[in-house]
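**Q** Residue strings, one per chain:
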Amino acid sequence: MTYRLRQLWRSMPLRLAILLVALFATVSLLGLAASYAVTQSSFEQSIRASLRQDLAGFRAAPNARAVAILVEAESREADPNRLILSYIAPNGRIYGNGAIAQDDEGFHIFSLERGRAEFTGNYLSLTDALYGGVITIARSRAEIVALRAVFVNILWISLLPTVLIALSGGLILARRSKRHVEVVGSALDQMTSGDLATRVEIGPRWSDDLVQIGGKVNQMAGAQEAQMRALRGVSSDIAHDLKTPLQRVALCLEDLNAQIDKDSEEAVLISKMQQEVEGMGEVFRSLLQLAQVEAGSPRARFETVDLAKICRTVVEVFEPSAAASGHILTFTMETDTAVIKGDQALIGQMLSNLVENALRHTSEGSDVTVSLAKADGKILLRVADTGPGIPAVEHDKVLERHYRLDRSRATAGHGLGLSLVAAIVALHDGTLTLEDNAPGLEVTLRFDA
Amino acid sequence: MKLLVVEDDATTGSYIARGLREEGHVVDLIENGKDGLIAATSGKYDVLVLDRMLPQVDGLTVLKTLRGSGNRTPALMLTALSDVEDRIEGLQSGADDYLAKPFAFGELSARIHALARRPQALDAETILRAADLEMNLITRQVTRGGVSIDLLPREFALLEHLLRRKGRVQTRTMLLENVWDISFDPGTNVVETHVSRLRAKVDKPFERELIETVRGAGYRIAE
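Residue numbers (my numbering), protein chains in the order written: chain B, 1 to 449; chain U, 450 to 672.
It is possible that part of the hints are untrue.
[As the list claims (entries may be wrong)] Sample of chain U residues at the chain B side, in silico, Cβ under 10 Å: (1) 464; (2) 467; (3) 470; (4) 471; (5) 530; (6) 537; (7) 592; (8) 600; (9) 646; (10) 650.
[What the hints assert, rightly or not] Listed next, the in silico DMTMM-like pairs over lysine to aspartate or glutamate satisfying Cα-Cα at most 25 Å (straight line): (11) B/341 / B/266; (12) B/272 / U/630; (13) B/178 / B/209; (14) B/341 / B/182; (15) B/262 / U/472; (16) U/483 / B/241; (17) B/309 / U/609; (18) B/272 / U/661; (19) B/341 / U/630; (20) B/309 / U/630; (21) B/262 / U/471; (22) B/262 / U/630; (23) B/309 / U/472.
[What the hints assert, rightly or not] Residues from chain U that keep clear of chain B, each with C-beta distances beyond 10 Å, as calculated: (24) 475; (25) 502; (26) 513; (27) 521; (28) 574; (29) 576; (30) 593; (31) 645; (32) 652; (33) 663; (34) 669; (35) 671.
Don't read these hints as lab results, they were simulated from the structure.
Quick caveat, the model's predicted, so the values are computed rather than measured.
Backbone N, C-alpha and C fix where the C-beta goes; we use that ideal spot for every residue, glycine too.
Excised from the complex, chain U in its bound form:
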């Protein structure tokens, strides 16, 4: 993917850029809002990563100007603020996602992948598959290698979420937002325990593990 990172803190910016390049992306790093806006206007990027507080032109203004000119490139806003109000303001100005500092690189990478407009399993699809796992969304039956697996409603929703985004890492905050629809932080290891319950049913009785843990980031079902 071709990514634009606009971040005024040189250290953070270069780490992000390097990390993303190591993942195989092409990254342009710019340190101020004005040049960032000019670069973003070219429209050649798949995802924009914008710091909210930038010298000259701040991130919100960059995004508003960009959206005002009809540019719809998916944008991820980075911010030192994490208040709900700031989040709402960020999303209203046209950000597609919002990430509070300090963040782990894995979280950033996972969110960038989630934003990139890659085709995901269509809503119309009724059967989701991964290896020998099959999930029927109509009969709500889950089988693996022909063996039926009983799942609680939320376990079903969690597995469906991971299956629809096969190959992409889902972080714990992404899962909390999308599977439980909560925007606050319940702390500790609530997501981990839910995933380990799901694993106990979906993975443990079988030979191959489907749900992978991505260190420092989250979970993924391999493609």
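The shape of chain B in the complex, shown without the other chains:
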């Protein structure tokens, strides 16, 4: 869930939506704040003006006594929630409807709280000295307080829905664009796995940039598919053109063989030729297989493959040949399961090439061990022998096509075995490493579990 949220958060449309919302909110907040400040100060100004007027009225009285009478008279009529009058006469007596005295002359803002005063509210007061006493007139700021509430309400009513709508719009857009991008992504995945016939299915509501990308991807896939088809055509033409004459030779040789004496010198020659023809057929087959594996086409038919089963079968198949040449061929399973996605036949071919190589290039009495293990989330398939090994400097070269070590020239083989192994490993996204088995060679293949 958190992963999906994080994924969504990283999507472009959502980020844009959030950015726009933030911008919009800031601008509206600033606007509201400014108009609130303007309105509030104009209210304040008018209260101040009234207060000055009130004060001017009291100043018009001739003496302190008159002021006191005037204050008493006015405060009887005044609503203390709106207007509070207070005059501290020179003799210390307090007149008015509230004893509010400020130390300093001038304007003050104060609040009355329940419990400490008879009435509550927020007031603006004006204090001045008058005929030896102190007069304080306070008018309620209730309107200004109410104004703030109005502005806060405006804020909630206008801004919140906007933010919510913009955010959910952004989310919907983000999810839709994520879906569209996923369509492109899965098409690309399928192409990578060898299915070049896949195309991005561009929807009618896709955005222009995605439509363009999808179109380009399809264009690329089309070009690649055409190339692959051409390549396949060429390789099957070559196969056909080369194998047909080879087939004729093979059948002629068989025919010839049937006509002559089994123990004659000619028969030996024919049998040699037949072996050569068979070898040529094998080279063609390997080359074609290599070309197809390197082009990645078998990926489309990958299935679940049990490596342990293949190892057991291959070791069992080779065991009598190994025993006949004085080798000890064993299989050890160092993990519970070893299952990968792949091509059963190619993996079998790969392993039998490795085992055959090990048997061929090691002397009598050598051990050849096939083992399966797990390490760092990878499945390790090893074929190790105790033969002469390969010098470290030549490790890279032996994987090259047709490369054969000088000392192995004398033995059979066409140098394609290991390059086919390397190509099959690469097809399965695996890695191949050659190591010194001290003594001998250890070939390690690593696959994703």
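Given the structure of chain B, go ahead and fit chain U onto it with the hints provided.
**A** Using the frame of chain B, we list chain U on its own:
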């Protein structure tokens, strides 16, 4: 058997036809797909041998059309391609078996015999016999002339396979596919060594050899 061979390469075609005739079959040889399809539609053949790449109508199309019309004559596809994908495609279009060029005549002949719908030992049978050899599939006991023979599981499977197809040649690739269930080529002489191990137990201690080697083709237990 009556066989139809559709092969565009005249040399290969005539050799195949001649070889099969020498084995006592009646063979019709046709060099293009269109005529091949017309001939095959007659339905009078026991086995069809079809080249995959043919002029006019290719082998795959011939077979698909044939199968589409309800013709079920067993078909063996010959091909210059040997990729697994081509093999799958061939089998999907209705081929019963697939043989990659270059092949030995013995391999072709053995596969044609395997395809022909001749009755083979029924699955229900519990005791298989050849001369004085007896294989009990329930107790998994093998005896020859009353002498018990110990076989490893795979040796048992190999012997059972040959016994069930008594009289028919089984090539090394057929044995690899059917006894070991592997479709790749392990190369060298792996099948030979397995057979010679089996022989060491089943044939060597006794007078008569049961498992014959058919030169250039494979192995057979005589009927």
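**Q** Work down the list of hints and note, for each, if the structure agrees.
**A** Hint-by-hint comparison with the structure:
1. Look at residue 464 of chain U: its Cβ gets to within about 4 Å of chain B, closer than 10 Å, so that hint holds up.
2. Annotation: residue 467 of chain U was flagged as interfacial toward chain B, and the flag holds, the nearest CB pair being 8 Å apart, inside 10 Å.
3. This hint is violated: residue 470 of chain U has a C-beta 13 Å from the nearest C-beta of chain B, more than the 10 Å allowed.
4. Here the hint on residue 471 of chain U is kept, as its CB sits about 9 Å from the closest CB of chain B, short of 10 Å.
5. For residue 530 of chain U, the suggested interface contact is upheld, since its CB lies about 5 Å from the closest CB of chain B, less than 10 Å.
6. For residue 537 of chain U, the shortest C-beta to C-beta distance to chain B is roughly 7 Å, which falls under 10 Å, so the interface hint holds.
7. Below 10 Å, beta-carbon pairs count as interface contacts, and residue 592 of chain U has none with chain B, the closest being about 23 Å; its hint is therefore violated.
8. Hint status for residue 600 of chain U: violated, given a least beta-carbon distance of 13 Å to chain B, over 10 Å.
9. A least Cβ separation of about 5 Å between residue 646 of chain U and chain B falls short of the 10 Å threshold, and the interface hint therefore holds.
10. Violation of the interface hint for residue 650 of chain U is found here, the shortest Cβ-Cβ separation to chain B being roughly 12 Å, above the 10 Å cut-off.
11. Restraint check for residue 341 of chain B and residue 266 of chain B: the C-alpha separation of about 50 Å exceeds 25 Å, so the hint is violated.
12. Proposed proximity of residue 272 of chain B and residue 630 of chain U is contradicted: the alpha carbons are some 30 Å apart, above 25 Å.
13. The straight-line distance between the Cα atoms of residue 178 of chain B and residue 209 of chain B is roughly 13 Å, inside the 25 Å bound, and the hint therefore holds.
14. Between the alpha carbons of residue 341 of chain B and residue 182 of chain B the distance comes to roughly 23 Å, so the proposed pair stays at or under 25 Å and holds.
15. Straight-line distance between C-alpha atoms of residue 262 of chain B and residue 472 of chain U comes to about 20 Å, which keeps the hinted pair within the 25 Å bound.
16. At most 25 Å may separate the alpha-carbon atoms for a hinted pair to count; residue 483 of chain U and residue 241 of chain B meet this at roughly 22 Å.
17. Taking the CA atoms of residue 309 of chain B and residue 609 of chain U, the gap is near 22 Å; set against the 25 Å cutoff, the hint holds.
18. Straight-line distance between C-alpha atoms of residue 272 of chain B and residue 661 of chain U comes to about 23 Å, which keeps the hinted pair within the 25 Å bound.
19. Restraint check: the Cα-Cα separation between residue 341 of chain B and residue 630 of chain U comes to about 19 Å, which is no more than 25 Å; the hinted pair holds.
20. At most 25 Å may separate the alpha-carbon atoms for a hinted pair to count; residue 309 of chain B and residue 630 of chain U meet this at roughly 11 Å.
21. Simply put, residue 262 of chain B and residue 471 of chain U have alpha-carbon atoms about 19 Å apart, close enough for the 25 Å limit, and the pair holds.
22. For the hint linking residue 262 of chain B to residue 630 of chain U, the alpha-carbon distance of about 34 Å lies beyond 25 Å, and the restraint is violated.
23. Distance check on the hinted pair: residue 309 of chain B and residue 472 of chain U sit about 40 Å apart at the alpha-carbon level, beyond 25 Å; violated.
24. The Cβ of residue 475 of chain U lies farther than 10 Å from every Cβ of chain B, with a closest approach of about 20 Å, so its non-interface assignment holds.
25. Not every Cβ of chain B is farther than 10 Å from the Cβ of residue 502 of chain U; the closest lies at roughly 5 Å, contradicting the non-interface assignment.
26. Every CB of chain B is more than 10 Å from the CB of residue 513 of chain U (nearest about 18 Å), matching its label as outside the interface.
27. With a cut of 10 Å on Cβ distances, residue 521 of chain U stays outside the contact zone with chain B, its closest approach being about 27 Å.
28. Against the 10 Å criterion, residue 574 of chain U stays outside the reach of chain B, whose nearest CB is about 27 Å from its own CB.
29. Distance check for residue 576 of chain U against chain B: the nearest CB is about 27 Å away, which clears 10 Å, and the non-interface claim stands.
30. No beta-carbon of chain B is positioned within 10 Å of the beta-carbon of residue 593 of chain U; the least distance is around 21 Å.
31. A beta-carbon of chain B comes within 10 Å of the beta-carbon of residue 645 of chain U; the shortest separation is about 8 Å.
32. The beta carbon of residue 652 of chain U is kept farther than 10 Å from every beta carbon of chain B, the shortest such distance being approximately 16 Å.
33. Against chain B, the non-interface label of residue 663 of chain U holds: every CB pair exceeds 10 Å, the least being about 13 Å.
34. At roughly 18 Å, the least C-beta separation between residue 669 of chain U and chain B is larger than 10 Å, which holds for a residue marked as non-interface.
35. With a least beta-carbon separation of about 20 Å from chain B, residue 671 of chain U lies farther than 10 Å from that chain, consistent with its non-interface assignment.
Checked against the numbered hints given earlier, the structure breaks hints 3, 7, 8, 10, 11, 12, 22, 23, 25, 31 and satisfies all the rest.
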